[in-house]
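Student: Residue numbers (my numbering), protein chains in the order written: chain A, 1 to 220; chain B, 1 to 220; chain C, 1 to 220; chain D, 1 to 220.
To be clear, the hints were calculated from the coordinates, so they are not data collected in a lab. Some hints could be false.
One copy or any two copies: either way a pair holds, since identical chains are not told apart in the list.
Stated by the list, open to error - Simulated pairs of lysine-lysine, DSBU-like, Cα-Cα distance not exceeding 35 Å:
| hint | residue 1 | residue 2 |
| --- | --- | --- |
| 1 | K179 | K219 |
| 2 | K150 | K26 |
| 3 | K165 | K101 |
| 4 | K165 | K22 |
| 5 | K26 | K165 |
| 6 | K29 | K179 |
4 protein chains.
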Amino acid sequence: MILINFKTYESGTGRKALEIAKIAEKVSKEKDVNIVLAVQAADIRMIADAVSIPVYAQHVDPIEPGSHTGWSLAKDVREAGAEGTLINHSEHRMEISQIEKAIDIVKEEGMKTVACAPDAEIAEAICVFEPDFIAVEPPELIAGNVSVSKAKPELITETIEMVRKVDGDIPVLVGAGVKSKKDVSRALELGASGVLLASGVMKSENPEKEILELIEGLKV
Amino acid sequence: MILINFKTYESGTGRKALEIAKIAEKVSKEKDVNIVLAVQAADIRMIADAVSIPVYAQHVDPIEPGSHTGWSLAKDVREAGAEGTLINHSEHRMEISQIEKAIDIVKEEGMKTVACAPDAEIAEAICVFEPDFIAVEPPELIAGNVSVSKAKPELITETIEMVRKVDGDIPVLVGAGVKSKKDVSRALELGASGVLLASGVMKSENPEKEILELIEGLKV
Amino acid sequence: MILINFKTYESGTGRKALEIAKIAEKVSKEKDVNIVLAVQAADIRMIADAVSIPVYAQHVDPIEPGSHTGWSLAKDVREAGAEGTLINHSEHRMEISQIEKAIDIVKEEGMKTVACAPDAEIAEAICVFEPDFIAVEPPELIAGNVSVSKAKPELITETIEMVRKVDGDIPVLVGAGVKSKKDVSRALELGASGVLLASGVMKSENPEKEILELIEGLKV
Amino acid sequence: MILINFKTYESGTGRKALEIAKIAEKVSKEKDVNIVLAVQAADIRMIADAVSIPVYAQHVDPIEPGSHTGWSLAKDVREAGAEGTLINHSEHRMEISQIEKAIDIVKEEGMKTVACAPDAEIAEAICVFEPDFIAVEPPELIAGNVSVSKAKPELITETIEMVRKVDGDIPVLVGAGVKSKKDVSRALELGASGVLLASGVMKSENPEKEILELIEGLKV
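Let the hints inform the model, and build the full structure from the sequences given.
Tutor: Here you go:
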């Protein structure tokens with residue numbers, strides 16, 4: 001699985017986000033690879049209506065329907081078309097009890113959860129709440145040019161090992177600095193089930209070429 | 001002006017939100033009254049596409065396009081159709097320097113800002129950042145059955161007076177517990193330029209009747 | 001172990017805090033029971049100088065010495081006399097990555113950590129970071145009149161079981177609503193290693209009598 | 001007035017903090033200059049007991065006595081010896097309604113408030129809450145080598161002008177990068193009533209010499 005986090009990049013906003021979403025859909029179909037798009041809340045409905053690959057939210061707040069203003073409700077992003085959501089991204093850290101609550105609420109809506117962690121210990125801790133995926137991303141490598149596969153291969157193996165201890169079935173995605181097919185293939189060799197990426201695609205001159213290159217890494 | 005805050009009420013989510021938006025639009029046209037709808041981020045585009053009255057966001061984060069995950073970007077909600085946004089709602093308080101930054105960023109996108117304050121002093125303080133509207137709502141009355149017009153009329157006159165001191169032109173909206181035409185007419189008599197409401201409409205069995213009643217208050 | 005959290009109760013502030021600390025010390029010596037006092041930062045030095053039982057901080061921030069203003073540094077509370085600290089109390093929740101960092105920093109200073117959790121899952125998750133103690137307190141019972149031993153006995157057994165899974169050696173304290181010797185003895189019967197309490201002692205007319213009563217529960 | 005913020009620098013912790021406090025006291029007496037020390041909470045009592053110049057807290061939370069764990073209560077730091085406190089330091093920003101509440105609570109305890117602001121608009125806004133002093137510090141200059149007097153002289157004059165508009169009597173302190181007597185004298189020429197400094201003294205090889213140098217600037 002390749003999860004592309006659109007963040008709030010200019011290229012991940014509105015019409016431009018839709019363009020990249022369509023490119024990702026095309027590649028996903030042609031190459032028969034599972035690509036998931038995590039887009040801004042206000043773009044979920046438009047993009048989910050336009051493409052047939054899964055659209056995720058980037059965050060959901062640990063709230064039930066009720067008197068809350070300006071927060072993100074699982075039920076609402078679900079109805080807009082989100083099939084899942086990131087939780088606890090390093091740019092959106094949550095209190096531990098909120099992570100538990102958010103995962104519970106998101107699951108009740110029938111959505112998938114990709115819970116993010118900066119290291120193996122936090123990944124292990126979050127596994128207790130049984131997210132559908134764990135994504136491990138060392139914050140110091142995010143949006144950088146050196147991939148986690150190269151800079152911290154032991155983080156990947158260690159995370160997988162710790163996650164196995166708690167719950168053998170939770171697949172581990174890795175992220176941060178993933179930009180080449182080698183980054184992807186190395187991550188899979190180390191036991192990862194997929195990659196999480198953002199700047200590598202969103203800041204690329206040619207996102208299609210970039211996605212195609214990354215997919216090569218999946219095929220090794 | 002009547003600003004209806006949909007919050008994350010079940011009735012303010014997805015298709016149900018769209019229904020109330022259409023009712024509000026109908027009443028706005030028939031009665032020639034300015035009604036603004038503050039809806040959840042994931043519903044902005046659908047509702048802005050469907051109705052011809054102004055749609056606002058409920059919150060915007062003080063961020064520029066870039067590497068941020070799961071936050072609300074002014075540029076994105078603008079492109080989705082939001083003509084303005086609430087800022088610093090009592091259910092979404094911000095640090096003071098973030099209020100300044102958010103108002104600046106939202107204005108650069110050509111959107112209106114309705115900055116919320118719980119009391120007259122905070123209203124005066126926020127006026128320094130020149131929002132388009134100040135909305136004063138005592139948190140203890142929000143979602144309750146007693147309106148600010150009745151429980152704290154002096155809050156309205158005092159806020160208007162303090163806002164005048166800083167910037168004579170900023171219109172003051174009042175909210176919290178507004179449910180009857182008398183609540184509305186009393187607020188206007190005290191100098192308010194409009195009302196902010198939520199539960200009165202969103203939790204009503206008959207939102208159309210409720211909005212019509214409130215509009216009666218505007219006509220006095 | 002009995003850990004008395006002084007919180008910011010009036011009775012737990014300054015000279016009044018010192019009085020209760022001396023009472024606790026006297027009872028601890030007379031009855032040969034381990035009593036620990038978690039006091040406000042500005043009172044740590046005075047109380048640690050005055051009594052011979054352990055004094056803890058109520059919170060430590062995940063910071064190293066440096067350019068931080070108004071935050072609580074482990075090195076400083078350690079030098080003031082704190083032998084340990086609460087972490088992630090329900091009235092002071094932390095982001096998950098901050099819990100990990102705070103526990104690491106506090107341990108480096110040679111202090112004990114009592115990490116708080118509202119439920120068994122969060123207790124299990126926090127155990128990954130190897131605190132010296134886990135304290136489980138359901139927030140809805142804190143400062144109330146029904147103890148966790150009575151209202152949620154299964155929380156205690158379940159927490160102990162989950163903590164065992166991760167790390168067999170971490171003792172579990174229980175808290176919330178603990179006010180009688182029966183609350184204490186029941187907690188120990190269920191497998192707890194001690195209790196955490198606050199209002200039961202701090203709001204008592206006669207703290208000495210209250211502490212003596214609770215200690216009876218330890219002796220069963 | 002010279003306010004020295006000890007922050008959580010290693011040199012501003014425990015015994016080392018006490019040493020610098022005594023140096024500052026000595027210089028204050030010899031040169032007859034008003035020096036105020038903002039120290040870590042756990043050091044307030046020890047330092048206030050040891051020196052005869054004013055000791056302030058670095059932060060106070062907007063709470064009353066009661067069920068709060070690990071937060072800073074005005075009543076407690078007051079009893080420990082703090083005569084005032086910083087509020088809303090750039091390293092400890094607060095929500096706008098918390099600033100209002102904290103200033104009110106701190107004043108009720110008879111303590112002085114030095115409210116910090118990053119720019120002239122925020123300084124003006126905070127003046128509405130009537131702190132005893134406004135301290136303006138552009139965050140980008142904090143802990144740097146270029147002083148606000150040199151890099152942004154207009155910030156000082158502008159802040160003073162805006163503060164005058166709201167409340168003519170609130171003295172303005174300036175901070176960030178203040179390291180030489182020229183930085184101090186320039187600030188006073190521009191209308192400031194004093195300076196706020198930290199790294200210039202706390203990271204100095206010879207804090208006494210550094211404080212003496214800065215005092216020269218006051219005498220111009």
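Student: Which numbered hints are broken by the structure, listed smallest first?
Tutor: 4 and 5
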